[in-house]
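Engineer: Each chain, written out:
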Amino acid sequence: MKAIAWLPSWLQVAPVALILVLFFGLPMLVVVAVSFFDYGQGRLYPTFIFDNYLEIFSSSVTVRLYLSSLKFALIVWAVTLLIGFNIAYFLVFHVRTLLWQIGLFLLCTVPFWTSNIIRMISWIPFLGRNGIFNQTFMGLGVVSQPMEFLLFSDFAVIVAYVHLFTLFMVVPIFNSMARIDRSLIEAAYDAGAGSWGILTEIILPLSKTGIALGSIFVITLVMGDFFVVKVMSGGQSASVASALSNEISAIQYPPAAANAMILVAIVTLMVSGILRLVDVRKELTG
Amino acid sequence: MTRAAEEERKNKIRRRQILNAAAAGAGLAVGSGLVRGFPTIWAQNIKDIKLVQVGGSYSNIVEIANQATKELGFTVEMQAIDPDAQTNRTLTQPKSIDINDLGTFLLYYFVGRNIVQPIPVSKYKYWDKTLPIFAKGEYADGRKVSTQGTSPMKIQYYDSAEGKKFATQPTEWLTGIPTMFNADTLGVRPDLIGRPVESWKELLNPEFKGKAALVNTPSIGVMDVAMALEARGDLKYGDKGNMTKDEIDKTIKIMLDFKKAGHFRAFWTNFDQSVNLMASGEVVIQSMWSPAVTAVRSRGIPCYYVPLKEGYRSWSSILCPMAHLSGMKLDAAIDYMNWHNSGWTGGFVARQGYYSTVPETAKKFLSPEEWDYWYDGKPAAIDIKDPYGNLMEKKGKIRDGGSFAERTGKIACWNTLMDEDRYLTRRWNEFISG
Amino acid sequence: MKHATAGPRPWTFYVFASFFALFVLFLYGPMTVIYILSFQGPTGGLTFPMTGFSLRWFHALVTAERVGDIGGAFNRSIVLAVIVALLTVVLSVAAGLGFRRRFPGSGVVFYLAIASLIMPGLFVGLGIAVGFQLLGLDIDWYTSALGAQLTWTLPYGLLIMFAVLGRFNRAYEEAATDLGATSWQRLREVVLPILLPGIIGVALFGFTLSYDEFPRTVLTAGTRNTLPLEIWAMTTNVTSPALFAVGTVTTIVSFIAIGIALISIAVIQRRRTRGSGEPI
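Protein chains in written order, with the working numbering: chain A, 1 to 286; chain B, 287 to 720; chain C, 721 to 1000.
Source of the hints: derived by calculation from the structure; they are not laboratory data.
Don't be surprised by glycine CBs; every beta carbon is placed ideally from N, CA and C.
One should not assume that every hint holds.
With a straight-line cut-off of 25 angstroms between C-alpha atoms, the simulated BS3-like cross-links for lysine-lysine are [what the hints assert, rightly or not]:
hint : chain 1 : residue 1 : chain 2 : residue 2
1    : A       : Lys71     : B       : Lys545
2    : B       : Lys536    : B       : Lys595
3    : B       : Lys546    : A       : Lys71
Here's a subset of chain A near chain B, in silico, CB distances under 10 angstroms, partners left out [said to hold, decoys possible]:
hint : residue
4    : Pro46
5    : Thr136
6    : Arg179
Based on the provided sequences and hints, a complete structural model is requested.
Structural biologist: What follows is the structure in structure tokens.
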């Protein structure tokens, strides 16, 4: 009977589904409702108005905020992809023993055990006017003035994002690459393929899933971040999420809720786009 | 002393000892503050009571909570959270807080919504000792306190026992117990600037391009700029603490011009950042809080909290009992709040530069030299230490800005929540993304 | 390129290795600042210059002096992170296995997970806080915060399991069944061991995502802070190198933990080699 065929699947997925519905789905219904409320001076007036959405769509700020966030997302995606791919490649294909693979990988994770907030504080003494970086470069005579763009700038924001999120790119790509059957590569090599050919014809296609997943992780992380952009730009660059958090701070929930809904819609479109290119689920179900 | 008086004195001591012994013997919880008059409530199970206070980390300090627990006999817990989380939590989880340590302007969010409850004046022990700035809205000499922004009188009284609206004149219903306040101004690096700074307009002086910073809170940051603009003569405001849409537009436009010219190095989000920005020399002039200046100085880096001729921007804190408190817990809460202003806390926070709203009681917990330095603006007769024993100021120095009278006498405006708050936030977002 | 398990390394190895080294340097760059400044003198702060050299800030961590409740917050964060990691692994593996068939509603669950990934954490926290309040439940770090964090880690776990299971060769399972294994045996003896690296990845993600989580937790943790909340509250007034001392201590502890993990893996490997005569 057909029903019985997928019953085990239902049972296996049930816990996750339950938690997501209870702790995410229901709260989200509240958020959707709130996005239609009116507000002022910390109060909510439950009604049904489109004003919040209209204000967002008609404001030039919205466009600027999204362009700013998208700019960060794309640059960070490109940089983390480049770095992440190479790191994963190195770990999978050039490191010989499992022990070394794990060891080197864990080496990269150690900084993450120190709370994010503490690491954010350390950027000032690192990249600031009188920080280590500038002192070293001035000492070496490379520059004569401290490089001010290192901190409180878009550059600083991107550096921080790359610092935080590259690992999210490395892990999925590593997983994908590790499963590539070595005999395929040996066969291609024996058949006379060059290194570049093997890269583009074998490794890249077979790492597609990992790349797609890493991209989804990085892009959603950047689009949803409000903390890094605020701290590293010294409050001078904006992102959609940071504007959102400003509104929440001012207890202006309805416009924040509307903003959140639009953000989710747009990023979901981006993610669907990626999934269309690489159907992660298809590989699973065959 | 006559014999009779001597006898009487001995009797008093004996009675007290018997009382203590009896109390201990009967298993009643007696706080060690008994000698000073606390706790004033006695009950079998008072020690089971736990009060949770929530507020900024400048006043929700574990040492204060421990002292309160020790002297009161029931448990007082303090949780430090940032103001945004505090407001959000008060609105969405009011039962998780017993005593709310609020910045006064935040009360606008909570009044009349059954979130906080009023305190009858009769229950607050120190009301008659409270500074007239808070009780009457005027200075000791009768002069009126500035009403720009959320001045204390605007939010100190309820119009009735139900606590639905603020009263504009003193009533017998307090919104809460005012605890501490300060007069804020700009912090500077005198060594990097090299000349005296005397006016708010220096904040926007092109000489400091790329080396100035503002606090990243719309209503406060914009007020600092407003002080500067008024000082420069660019704009004249009706009430810097409650701007009109037009005033907001004009201010933001000028701010955008400055931002595009690269005048501001950063907008700091928390205390920590403000200290680091100053200490590392990234900025030389910025919005700043008193203990931040202290923190920079205690690292051996010169930092000056400048008295400016246009005046100060002031703020104050207030302890509000949450609406869900009742019965014995409410009594304990009121007891605690009275204890809070009985002096120990006042002395503690004075060493961070904050003034108590009841200076008389705080005075008892400061050494005469400390009082002279922190309140009277006299040169320090001894080395001045912060509440944790670290050297803050050497002998002979005068507190930045001088005495209590000099500093608080020149309050130009108070931290605020504006009527056009909604509009301000939008324009601020535009400013940041511009 | 040759992928030999022995013999001289190709020149590309050195290129990649240097790249890797640069990356590690980049990751540890801010950390070095933290390490140096955690030995800051008693009057020093979170930026240079160093006013001296002392262990004072490490000492401050163990006494409850002015640094808030770092010890308590740390404990809570670790416990919560472990619980979240365990739950994420178990639930993600189960769900991942479930997704191997196309069942009605699979699209809904999938996109629900994606949306949970994208929705800014502040809102998830807000929604849960309001919900709990309406139901009259208490907000606490091991109930509401746990649920909030799971909405963050489960999508990651799920997606990683998709990737891992996507390459999983069913032939192994079929072979096991042919040899007479029960479902449980099949799961325990065949599926899980093969999935182990992926599972470890999920556990790692679950742990670090929970440990560092801020926006979802800030409104759902209740009266007791987790470590990020405590640190954040501290930075709103207390600025002290004790924060950096926390960083140094966690790094030392991590290195010890990694060292132990690596040694145990080496020992297990050696035992396997001795047993089967072939390196794994």
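Engineer: Determine for every hint whether it applies to the structure shown.
Structural biologist: Each hint, compared with the structure:
Only pairs whose Cα atoms come within 25 angstroms are accepted, and lysine 71(A) paired with lysine 545(B) is accepted, the gap being roughly 20 angstroms. For the given pair, lysine 536(B) sits about 24 angstroms from lysine 595(B) by alpha-carbon distance, which is consistent with the 25 angstroms threshold. This hinted pair checks out: lysine 546(B) and lysine 71(A) have alpha carbons roughly 19 angstroms apart, not beyond 25 angstroms. The criterion of a C-beta within 10 angstroms of any C-beta in chain B is not met by proline 46(A), whose closest approach is roughly 14 angstroms, and the hint is violated.
Residue-level restraint check for threonine 136(A) is violated (minimum Cβ-Cβ distance to chain B is 16 angstroms; threshold 10 angstroms). Because the smallest distance between the Cβ of arginine 179(A) and any Cβ of chain B comes to about 43 angstroms, over 10 angstroms, the interface hint for this residue is violated.
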